[in-house]
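> Sequence:
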Amino acid sequence: MFIASSVVSCRLNDDILDDAELVISTGEQGNIINNQNQPRENLALMYSLYAENPVRVIIKLNSKNGSGSVNGGEKYCYFGLYKVVRFWKIIGKLGYNFLLVKSPDQKKVACNDMRKRKKIIKREKCLNYFEDISHGKEDFHIPMLNCVDSEGVPNFRYVTQMVNLERYKPKKYSPLKGNVRCECVGNSSDSDKCSWAMKNREKFPFNRNGIVEETKKDMIYECGHFCKCSSNCRNRVSQNGIKFPLEIFKTKKKGWGVRSKKKMPSGSFICEYLGEIIEDEQAVKMIDNDEYLFNIGSTNHKDGMFTIDASKYGNMARFINHSCSPNLFCLNVLFDHDDVRIPYIMLFAAEDIPQKTELTYNYNYKIDQVVDNGVVKKKYCYCGASNCIGRLY
Numbered sequence: 008m009f010i011a012s013s014v015v016s017c018r019l020n021d022d023i024l025d026d027a028e029l030v031i032s033t034g035e036q037g038n039i040i041n042n043q044n045q046p047r048e049n050l051a052l053m054y055s056l057y058a059e060n061p062v063r064v065i066i067k068l069n070s071k072n073g074s075g076s077v078n079g080g081e082k083y084c085y086f087g088l089y090k091v092v093r094f095w096k097i098i099g100k101l102g103y104n105f106l107l108v109k110s111p112d113q114k115k116v117a118c119n120d121m122r123k124r125k126k127i128i129k130r131e132k133c134l135n136y137f138e139d140i141s142h143g144k145e146d147f148h149i150p151m152l153n154c155v156d157s158e159g160v161p162n163f164r165y166v167t168q169m170v171n172l173e174r175y176k177p178k179k180y181s182p183l184k185g186n187v188r189c190e191c192v193g194n195s196s197d198s199d200k201c202s203w204a205m206k207n208r209e210k211f212p213f214n215r216n217g218i219v220e221e222t223k224k225d226m227i228y229e230c231g232h233f234c235k236c237s238s239n240c241r242n243r244v245s246q247n248g249i250k251f252p253l254e255i256f257k258t259k260k261k262g263w264g265v266r267s268k269k270k271m272p273s274g275s276f277i278c279e280y281l282g283e284i285i286e287d288e289q290a291v292k293m294i295d296n297d298e299y300l301f302n303i304g305s306t307n308h309k310d311g312m313f314t315i316d317a318s319k320y321g322n323m324a325r326f327i328n329h330s331c332s333p334n335l336f337c338l339n340v341l342f343d344h345d346d347v348r349i350p351y352i353m354l355f356a357a358e359d360i361p362q363k364t365e366l367t368y369n370y371n372y373k374i375d376q377v378v379d380n381g382v383v384k385k386k387y388c389y390c391g392a393s394n395c396i397g398r399l400y
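Yeah, the sequence shown ends on 400 if you go by my numbering, and it's all consecutive.
Among the clues, some could well be false.
To be verified - Across the chosen pairs, the derived CB separations fall in these ranges:
id, residue 1, residue 2, range
1, T258, Y372, 14 to 22 Å
2, R174, E28, 28 to 36 Å
3, G381, K260, 23 to 31 Å
4, F137, V291, 32 to 40 Å
5, E28, E173, 33 to 41 Å
Note that these hints are calculated values from the structure, not bench results.
Where a beta carbon is used, it is the ideal one built from N, C-alpha and C, also for glycine.
Start from the sequences, fold in the hints, and give me the full structure.
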């Protein structure tokens with residue numbers, strides 16, 4: 008009697024590659040003429056069941072079910088010691104399936120590292136791929152891939168805070184005077200005691216899951232750096248950075264775009280629109296280079312107005328495209344000052360967004376209102392929405 012010492016290419020769940028407790032090995036098919044003439048592999052696995060000997064499992068990394076090839080070559084990974092616990096005949100075929108259970112106290116085998124390398128090989132089909140345009144500044148890598156043309160990473164500096172904000176933040180607003188802080192203790196569970204909540208119609212704009220519920224106000228207020236409440240306060244959401252893995256990709260008609268690697272629930276915070284704060288007078292002069300300008304502030308304020316310019320400094324938000332039927336919306340947020348002229352621009356999910364869906368918001372241009380030297384400028388829209396009006400402005 009002979010037993011199996013190893014088996015190659017088992018079926019398993021690709022999503023739990025490193026932690027699969029059970030694998031299924033499909034044995035060789037028997038002789039078509041004589042069904043009783045089983046191949047040696049099948050007999051060896053059958054005898055291993057009765058002998059209860061450990062079997063080394065080796066898988067191919069070239070597809071989800073462990074078969075195929077990468078660049079014409081085979082990629083294998085040792086998966087650990089298993090025991091055969093049962094086998095059964097494949098209906099309609101002459102072969103058998105063998106169920107193997109992982110032996111206890113097995114160390115985790117890092118086959119996913121090889122799987123990641125396989126994915127990188129696949130990405131080589133894209134003309135350009137960059138692993139992280141944030142250079143480690145975000146909690147998640149922000150990859151950038153171009154499978155459309157040869158354009159590489161645009162020339163800009165990735166930032167995680169607004170540039171030039173301190174220059175315009177008024178000195179008269181002092182945390183010592185209570186303008187930009189609350190006196191809450193702990194997690195600010197009582198909105199009627201929080202001074203920032205009082206500015207939000209006496210309630211917090213977010214529920215306990217961090218989902219925004221106040222979407223119709225011109226401004227929402229979060230507890231900030233100078234508040235006495237803890238960092239886990241339910242009124243600190245957008246200031247804490249991105250919570251979903253995002254990636255930048257090249258579209259066929261709209262240039263670069265942004266999408267999420269995971270599903271995002273409606274009301275979730277997505278990202279902040281970052282760049283350099285400039286005065287409106289300076290922004291007007293950039294009419295021929297207005298692709299990354301975002302007008303901010305209260306239109307009712309008598310003082311000067313401001314614009315975010317993301318052409319030289321910015322984050323992934325500078326690549327989010329316009330849509331006439333967007334799945335994101337913008338909110339003005341304040342937390343470390345209360346000057347309504349220079350709020351933070353935060354983007355939230357307007358609906359449940361499936362993974363790999365392009366993220367968009369409405370740029371809110373007005374048709375025939377963009378004028379350069381007396382000439383009305385036109386820019387066409389390629390959002391593809393059923394209600395698309397055909398033009399951005």
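> If a hint holds in the structure, say so; if it does not, say that too.
Taking the hints in turn, this is what the structure says about them:
no., hint, verdict
1, T258 / Y372: 14 to 22 Å, "holds (19 Å)"
2, R174 / E28: 28 to 36 Å, "violated (58 Å)"
3, G381 / K260: 23 to 31 Å, "holds (30 Å)"
4, F137 / V291: 32 to 40 Å, "holds (34 Å)"
5, E28 / E173: 33 to 41 Å, "violated (55 Å)"
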